[in-house]
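Here's the letter readout for the chains.
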Amino acid sequence: MTDTTEQREARHPSRLLAALRKIGATLGQIAFTMVGLLFVTFVIGRVMPIDPVIAVVGERATQAQYQAAYEAMGLDQPLFVQFIQYIWDVMRGDFGMSLLNARPVAEDIARVFPATLELATLGTIIGVAIGVPLGVLAAVKRGTWIDQTARVVALIGYSMPIFWLGLVGLLIFYGILGWVGGPGRVGIFYVDVVPSVTGMILVDSALDGNWTVFRNALSHIVLPASLLGYYSLAYISRMTRSFMLEQLSSEYIITARVKGLSERAVIWRHAFRNIRVQLITVVALSYAGLLEGSVLTEIIFAWPGIGSYITTALLSADMNAVLGGTVVVGLVFVCLNVFSDLLYKFLDPRAE
Amino acid sequence: MNITRRLMLGAATGLALAATSLGAVAQTPDDMLVIANRIDDITTLDPAQSFEFAGADVIRNVYGKLVNFDPADLGAGYQPDLAESWEVSEDGRTITFTMRPGMTFHSGNPVRAEDAAWSLQRAVKLDKTPSFILTQFGFTPENVEEMIRAEDDKVIITTDQKYAPSFVLNALTATIGAIVDKETVMQHEVEGDMGNEWLKTNSAGSYAYRVANWKPNESVTLEVYEDFYKGAPEMKRVIVRHIQESATQRLLLERGDIDAARNLNPEDIAGIQDAEGIEIDDILRGRLMYISLNQNHPQLSDPRVVEAIKHLIDYEGMQNSFLNGQYTIHQNFLPQTYLGAVDENPFEMNVERARELLDEAGIDELTLEVGVREAQERLEIAQSLQNTFAQAGINLEITVGTGQQILSRYRARDLPIYLGAWGPDYPDPHTNASTFAYNPDNSEDAQLTGILAWRNAWPAEGFTERVDAAATETDTATRERMYQEIQADFREEAPFVIMFQQIEQLARKDNVENLTLGEAITAAAYWPVTK
Numbered sequence: 001m002t003d004t005t006e007q008r009e010a011r012h013p014s015r016l017l018a019a020l021r022k023i024g025a026t027l028g029q030i031a032f033t034m035v036g037l038l039f040v041t042f043v044i045g046r047v048m049p050i051d052p053v054i055a056v057v058g059e060r061a062t063q064a065q066y067q068a069a070y071e072a073m074g075l076d077q078p079l080f081v082q083f084i085q086y087i088w089d090v091m092r093g094d095f096g097m098s099l100l101n102a103r104p105v106a107e108d109i110a111r112v113f114p115a116t117l118e119l120a121t122l123g124t125i126i127g128v129a130i131g132v133p134l135g136v137l138a139a140v141k142r143g144t145w146i147d148q149t150a151r152v153v154a155l156i157g158y159s160m161p162i163f164w165l166g167l168v169g170l171l172i173f174y175g176i177l178g179w180v181g182g183p184g185r186v187g188i189f190y191v192d193v194v195p196s197v198t199g200m201i202l203v204d205s206a207l208d209g210n211w212t213v214f215r216n217a218l219s220h221i222v223l224p225a226s227l228l229g230y231y232s233l234a235y236i237s238r239m240t241r242s243f244m245l246e247q248l249s250s251e252y253i254i255t256a257r258v259k260g261l262s263e264r265a266v267i268w269r270h271a272f273r274n275i276r277v278q279l280i281t282v283v284a285l286s287y288a289g290l291l292e293g294s295v296l297t298e299i300i301f302a303w304p305g306i307g308s309y310i311t312t313a314l315l316s317a318d319m320n321a322v323l324g325g326t327v328v329v330g331l332v333f334v335c336l337n338v339f340s341d342l343l344y345k346f347l348d349p350r351a352e
Numbered sequence: 001m002n003i004t005r006r007l008m009l010g011a012a013t014g015l016a017l018a019a020t021s022l023g024a025v026a027q028t029p030d031d032m033l034v035i036a037n038r039i040d041d042i043t044t045l046d047p048a049q050s051f052e053f054a055g056a057d058v059i060r061n062v063y064g065k066l067v068n069f070d071p072a073d074l075g076a077g078y079q080p081d082l083a084e085s086w087e088v089s090e091d092g093r094t095i096t097f098t099m100r101p102g103m104t105f106h107s108g109n110p111v112r113a114e115d116a117a118w119s120l121q122r123a124v125k126l127d128k129t130p131s132f133i134l135t136q137f138g139f140t141p142e143n144v145e146e147m148i149r150a151e152d153d154k155v156i157i158t159t160d161q162k163y164a165p166s167f168v169l170n171a172l173t174a175t176i177g178a179i180v181d182k183e184t185v186m187q188h189e190v191e192g193d194m195g196n197e198w199l200k201t202n203s204a205g206s207y208a209y210r211v212a213n214w215k216p217n218e219s220v221t222l223e224v225y226e227d228f229y230k231g232a233p234e235m236k237r238v239i240v241r242h243i244q245e246s247a248t249q250r251l252l253l254e255r256g257d258i259d260a261a262r263n264l265n266p267e268d269i270a271g272i273q274d275a276e277g278i279e280i281d282d283i284l285r286g287r288l289m290y291i292s293l294n295q296n297h298p299q300l301s302d303p304r305v306v307e308a309i310k311h312l313i314d315y316e317g318m319q320n321s322f323l324n325g326q327y328t329i330h331q332n333f334l335p336q337t338y339l340g341a342v343d344e345n346p347f348e349m350n351v352e353r354a355r356e357l358l359d360e361a362g363i364d365e366l367t368l369e370v371g372v373r374e375a376q377e378r379l380e381i382a383q384s385l386q387n388t389f390a391q392a393g394i395n396l397e398i399t400v401g402t403g404q405q406i407l408s409r410y411r412a413r414d415l416p417i418y419l420g421a422w423g424p425d426y427p428d429p430h431t432n433a434s435t436f437a438y439n440p441d442n443s444e445d446a447q448l449t450g451i452l453a454w455r456n457a458w459p460a461e462g463f464t465e466r467v468d469a470a471a472t473e474t475d476t477a478t479r480e481r482m483y484q485e486i487q488a489d490f491r492e493e494a495p496f497v498i499m500f501q502q503i504e505q506l507a508r509k510d511n512v513e514n515l516t517l518g519e520a521i522t523a524a525a526y527w528p529v530t531k
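Those protein sequence lines, which keep their order, are chains A and B. Position 103 of the first sequence, counted from 1, bears residue number 103 in UniProt numbering, the numbering being contiguous throughout. Position 352 of the second sequence, counted from 1, bears residue number 352 in UniProt numbering, the numbering being contiguous throughout.
Excised from the complex, chain A in its bound form (with noise of 0.2 Å):
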């Protein structure tokens, strides 16, 4: 039996609007959570024992310039009124100004942001590269010398502190083999060369042609790339291991086994194939998580990523900056959680 012209006419309109209506919730539920995490961000910003106008004034400051600058800061206005004048001004794009280098704060995030997508993204992509093989083969090898070397793999990269890590690294590759390029997004001959367009130095020489910059970025960001990618690969090579394992004890893989399938179509295509919707939770999260910045990573190679920005602003009471960091920051997160659930949505139509 098949519908009626009029009666999928009938049907498309709901369908319309329940789809505008899941969009609007969905939107909702994203202004609802800034606006919450601004809230407390705000708060606990005025109410933190730092002092942001002596860091605007300095030591040296009168009594009367101390005052003049706190009055214009807005600081003299009731809380619920310097929130409310806040709220209004980032949602015309304006995150205010740092009060310590006087610079717009989305200029400096503009700046600094692009740094730590690049690291981050190259190093979710060797974390995901290595350590979702790495977590299948630990799982499909459970109990042999693989498993035993992947886990104490990703027990070192838990375990270890990432800023030694960041420091014999650079002593290894940087100081004595000279195999890579040293801290810094790039050399000091490079710097400002390329146009920036996307701010991500890899992506903008590449534009421009300029494989000379190109290599010299990537000699600089493959080292830290890599220590982030190895922490995220011992936390998504354990995730893996863990799922696999679980699916590799089901019944429908002792079937499929008993149909005679290849090992490998057992593995990858059964097993594997069920364990892709909590992959992309765990890797969105490690992902995330290395995007909201890696601080000890960013101070050791001495890049300049946002994660040391929103640090540096929060020690020196530059709330301006510390909450247009945390919009940037918890946006990621928030689309991140949006993007996974979409992608939940499209590799296992059920959970609609």
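Simulated from the structure, these hints should not be mistaken for laboratory data. Since the model is a prediction, treat every value here as computed from it, not as a measurement. Some clues are possibly wrong.
Said to hold, decoys possible - Ranges of calculated distance between the beta carbons of each label pair, as one might list FRET restraints:
no. : chain 1 : residue 1 : chain 2 : residue 2 : range
1   : B       : Asp31     : A       : Thr144    : 27 to 37 Å
2   : B       : Glu374    : A       : Asp208    : 37 to 47 Å
3   : B       : Asn320    : A       : Ala129    : 28 to 38 Å
4   : A       : Gln85     : B       : Asp364    : 52 to 62 Å
5   : A       : Leu27     : B       : Asn395    : 30 to 40 Å
6   : A       : Ile84     : B       : Gly75     : 37 to 47 Å
7   : A       : Glu71     : B       : Gln187    : 22 to 32 Å
8   : A       : Ala31     : B       : Gln187    : 50 to 60 Å
9   : A       : Val168    : B       : Glu276    : 50 to 60 Å
10  : A       : Tyr158    : B       : Gly75     : 24 to 34 Å
Don't be surprised by glycine CBs; every beta carbon is placed ideally from N, CA and C.
Starting from the known structure of chain A, fit chain B onto it as the hints suggest.
The following block gives chain B in isolation, referenced to the frame of chain A:
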């Protein structure tokens, strides 16, 4: 097995590719100076507002001043700069400067007396934090156009009363004395800010370099000004990179990616000092490490307790251990190399004497709080104090916080003991005398939060008048003696324990010559550098 083999093959290929495709590390060119430093303290590049060390380094190389220090002979004191000569009036209130002819700003505009007078007027009118360096001579936004004026090629500065000429001239060598290009700056004026917003991130000077780029917490790039009146510098480009970590700075220096590293810790200095091609320079800086004792505290206001505490500090132990090479013992408020500085350090660790004094004061046990910001060396000093104070029955509770947290409480007279550092604002003894040994109104309402004596509720009786007198003494030798005497009494009576003076250890490639950091009195100069 198949999967294992493929994975291992892939990993091996990846590693080999990475190893072969990455280029060798470059060395810095002969006409470029690259320095690693912590520059996250820069908040502005406007000389009327800048008040941080890293900012002063930039501004010294970008802006000329009426008088300035010669990096080749800092001990000679202030020398002619944009002004080629000056005369002091008989009543000691007016100094008339004659501008050096033929100089131009980076914009090509001529450097005029009008620019010089306007720059100083601007600094007074903007009333930013460092403005006190000028306003202490009686300038106000209302009278400054009358007190500082230009006539032809002359700049005439009249102060509200007679001051020691050396005091006024020394103050003009400070960052706030920088001469800016009036025409260029005023083109960028917004809502009457006299170009303040624009100058925070741009430059309009006449000196050896112009600011090509400042990326906060990342780098400052200076480009040479070929028409610099002293001749074009050999270094055509100077890049100061913000490198937070000492170990990272060391690696960069060893690999030749930078020419100098300014923030190596004692371990890295020890590790690098015998390295081939690297030299270490010990440079005495102006920063003093001290503790202060709040006189609102019932026990700390007892002079016997104050003296006891001065005997409960292991000066030598700290200097020879974790502060080795970074600080030297110095117990006076004027840093060495300043006019009037003395090198007498009478206090040393003496628990018995301290205990006697505490007994005299009737104190058996005492618990005190010390506020200290979260910085390695300060925490280590606090821990040492905690240990040595305990030997005389004083329990020291350490409160650690960010700079702003601790400073807020210090300024509010809320800390019994403060452990911190103080750097002079300009190269004249009055700078430290007027904060450590000066307090014209100790009342709570006075809110003289910029004065250290006030922050510690110390009225500085018998000192304030002497500091004023020294500031107006025209005979330099007499003035020097006055500061020496003030310090001798201060050491004994004041509730301040000055402990150490900072040494900066500059690690540089041995082909880098004539790089001076300005010692205790001024900032770094890049224009004399050669390779």
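Do the hints match the structure? See the list:
1. B/Asp31 with A/Thr144: 27 to 37 Å: violated (60 Å)
2. B/Glu374 with A/Asp208: 37 to 47 Å: holds (42 Å)
3. B/Asn320 with A/Ala129: 28 to 38 Å: This hint is violated: roughly 52 Å between Cβ atoms.
4. A/Gln85 with B/Asp364: 52 to 62 Å: Given a distance of about 55 Å, which is inside 52 to 62 Å, the answer is holds.
5. A/Leu27 with B/Asn395: 30 to 40 Å: violated (58 Å)
6. A/Ile84 with B/Gly75: 37 to 47 Å: Because 58 Å falls outside the window, the suggested range is violated.
7. A/Glu71 with B/Gln187: 22 to 32 Å: holds (29 Å)
8. A/Ala31 with B/Gln187: 50 to 60 Å: For A/Ala31 and B/Gln187 the Cβ distance comes to about 43 Å; the hint is violated.
9. A/Val168 with B/Glu276: 50 to 60 Å: For A/Val168 and B/Glu276 the Cβ distance comes to about 23 Å; the hint is violated.
10. A/Tyr158 with B/Gly75: 24 to 34 Å: Violated - the Cβ-Cβ distance for A/Tyr158 and B/Gly75, about 57 Å, lies outside 24 to 34 Å.
In summary, the structure is inconsistent with hints 1, 3, 5, 6, 8, 9, 10 from the numbered list given earlier, while agreeing with the others.
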